[in-house]
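Chemist: Can you make the complete structure from the sequences, with help from the hints?
Residues in the sequence shown are numbered consecutively from 21, following the working numbering.
Treat the hints with care, since some could be wrong.
Stated by the list, open to error - Lysine to any residue pairs mimicking SDA-like chemistry, simulated, CA-CA at most 20 Å apart:
| id | residue 1 | residue 2 |
| --- | --- | --- |
| 1 | Lys184 | Ile159 |
| 2 | Lys241 | Leu192 |
| 3 | Lys79 | Met90 |
| 4 | Lys82 | Cys109 |
| 5 | Lys107 | Thr67 |
| 6 | Lys107 | Glu85 |
| 7 | Lys184 | Thr222 |
| 8 | Lys82 | Val71 |
| 9 | Lys184 | Gly165 |
| 10 | Lys41 | Leu69 |
| 11 | Lys79 | Leu62 |
| 12 | Lys184 | Val157 |
| 13 | Lys37 | Pro68 |
| 14 | Lys37 | Arg73 |
| 15 | Lys103 | Pro120 |
What the hints assert, rightly or not - Cβ-Cβ distance ranges computed for the label pairs, FRET-style:
| id | residue 1 | residue 2 | range |
| --- | --- | --- | --- |
| 16 | Lys241 | Glu84 | 32 to 42 Å |
| 17 | Ser123 | Lys241 | 21 to 31 Å |
| 18 | Gln49 | Ile141 | 19 to 29 Å |
| 19 | Leu62 | Asp32 | 13 to 23 Å |
| 20 | Lys103 | Leu176 | 42 to 52 Å |
| 21 | Met223 | Pro42 | 15 to 25 Å |
| 22 | Gly149 | Met214 | 17 to 27 Å |
| 23 | Glu111 | Leu176 | 43 to 53 Å |
| 24 | Lys79 | Thr122 | 20 to 30 Å |
Hints were generated in silico from the structure; no laboratory data involved.
The beta-carbon is built from N, C-alpha and C at its ideal position, and this holds for glycine as well.
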Amino acid sequence: MGKKGKEENLIDWLSLKRVLKPGTQMDIQFDESDSPVPYVVLMTFDTPLVVCRIADGVKAPKVEEGSSPMIYMPASRDFCSFKAIVKQCAEGGAYLAISPETSAEFLRRRRSIRVKAPAGIAYRVQFEGKSNIYKGVSIQDISRGGIGLLVYAAGLIAEGTQVKIVIELPQLGERVSASGVVSHCVPYGSIPRMYRIGIRFTMISPRDKQTIAMFIDQHEKNVRSVSRLAQ
21 MGKKGKEENL
31 IDWLSLKRVL
41 KPGTQMDIQF
51 DESDSPVPYV
61 VLMTFDTPLV
71 VCRIADGVKA
81 PKVEEGSSPM
91 IYMPASRDFC
101 SFKAIVKQCA
111 EGGAYLAISP
121 ETSAEFLRRR
131 RSIRVKAPAG
141 IAYRVQFEGK
151 SNIYKGVSIQ
161 DISRGGIGLL
171 VYAAGLIAEG
181 TQVKIVIELP
191 QLGERVSASG
201 VVSHCVPYGS
211 IPRMYRIGIR
221 FTMISPRDKQ
231 TIAMFIDQHE
241 KNVRSVSRLA
251 Q
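Modeler: The structure is reproduced here in C-alpha cells:
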C-alpha cells in the first residue's frame, strides 16, 4: 500500500521530457551548501539526456563532469525534483548535458494550499516606487502561489503594484525570494488604515517554490501533531 503511494508520486522520463521544452527554466543545486543556479533547457533526448545552458545574466559555477546535482523544475501538474549526473560540461559550466539518476518526484500535487504564517518568520517587502507606502506590515498566510499581508498604510495600495519579497523560514533554515503583484487590497475590519493585501507571485524559482511547499508540509504535520496531543 505504501509502495503504491510512493509510485504514484513519481513521474517517468517520457512524461518529464514533454515538460522539458526548450526555454523551460530549471534550478540546479550542485552542493547542499550552495544556492541553486538557474539553467534553461535547450533540447532533450530519449536516452534520457537534457542539454541546458546557464540563464542570462548568471555567472556559471564551477562544474565537474560526473558530479550529481539536484534538479528542481516545474512539471505538468505541479513541480518536481530529481537527482542527476553531469555527463558533459562545456565553456566552464555554461552548457551542460545531464541525465536523470532517479525518477522525478512530486513533492505535492494539490495546487492551492495556504497556511497561517507562524511566528518566527522574518521578511522584507518592497513595493515598487513606493518606499514609504506603509508604516507596518505582517505576513498573515503563505502558499506556493503568493502571500497574504496585513498592512498599515495611508491608503489603498493599487492592484497591479509590483512587489519584491524576501522570506526567511527559520524552521527550514532557508530564504525564499520572489517578485509579485498586488492582486487585491481591502480594508481590514474596523481598524483605520489597516488593509488586507493579497500578493500573487509572478516570478519565483522552482527551488524556492518547492521550499515553500516543504514549509507548508512541515507546518501541517506540526498542526496535526498538536491536535492529536490535545485530544
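Chemist: Now look at each hint and say whether the structure bears it out.
Modeler: The hints, checked one at a time:
{"no.": "1", "hint": "Lys184 / Ile159", "in the structure": "holds (14 Å)"}
{"no.": "2", "hint": "Lys241 / Leu192", "in the structure": "holds (14 Å)"}
{"no.": "3", "hint": "Lys79 / Met90", "in the structure": "holds (18 Å)"}
{"no.": "4", "hint": "Lys82 / Cys109", "in the structure": "holds (10 Å)"}
{"no.": "5", "hint": "Lys107 / Thr67", "in the structure": "holds (12 Å)"}
{"no.": "6", "hint": "Lys107 / Glu85", "in the structure": "holds (6 Å)"}
{"no.": "7", "hint": "Lys184 / Thr222", "in the structure": "holds (10 Å)"}
{"no.": "8", "hint": "Lys82 / Val71", "in the structure": "holds (17 Å)"}
{"no.": "9", "hint": "Lys184 / Gly165", "in the structure": "holds (14 Å)"}
{"no.": "10", "hint": "Lys41 / Leu69", "in the structure": "holds (13 Å)"}
{"no.": "11", "hint": "Lys79 / Leu62", "in the structure": "holds (18 Å)"}
{"no.": "12", "hint": "Lys184 / Val157", "in the structure": "holds (14 Å)"}
{"no.": "13", "hint": "Lys37 / Pro68", "in the structure": "holds (8 Å)"}
{"no.": "14", "hint": "Lys37 / Arg73", "in the structure": "holds (17 Å)"}
{"no.": "15", "hint": "Lys103 / Pro120", "in the structure": "holds (6 Å)"}
{"no.": "16", "hint": "Lys241 / Glu84: 32 to 42 Å", "in the structure": "holds (37 Å)"}
{"no.": "17", "hint": "Ser123 / Lys241: 21 to 31 Å", "in the structure": "holds (24 Å)"}
{"no.": "18", "hint": "Gln49 / Ile141: 19 to 29 Å", "in the structure": "holds (23 Å)"}
{"no.": "19", "hint": "Leu62 / Asp32: 13 to 23 Å", "in the structure": "holds (22 Å)"}
{"no.": "20", "hint": "Lys103 / Leu176: 42 to 52 Å", "in the structure": "holds (47 Å)"}
{"no.": "21", "hint": "Met223 / Pro42: 15 to 25 Å", "in the structure": "holds (20 Å)"}
{"no.": "22", "hint": "Gly149 / Met214: 17 to 27 Å", "in the structure": "holds (22 Å)"}
{"no.": "23", "hint": "Glu111 / Leu176: 43 to 53 Å", "in the structure": "holds (50 Å)"}
{"no.": "24", "hint": "Lys79 / Thr122: 20 to 30 Å", "in the structure": "holds (28 Å)"}
Of the numbered hints stated above, none is contradicted by the structure.
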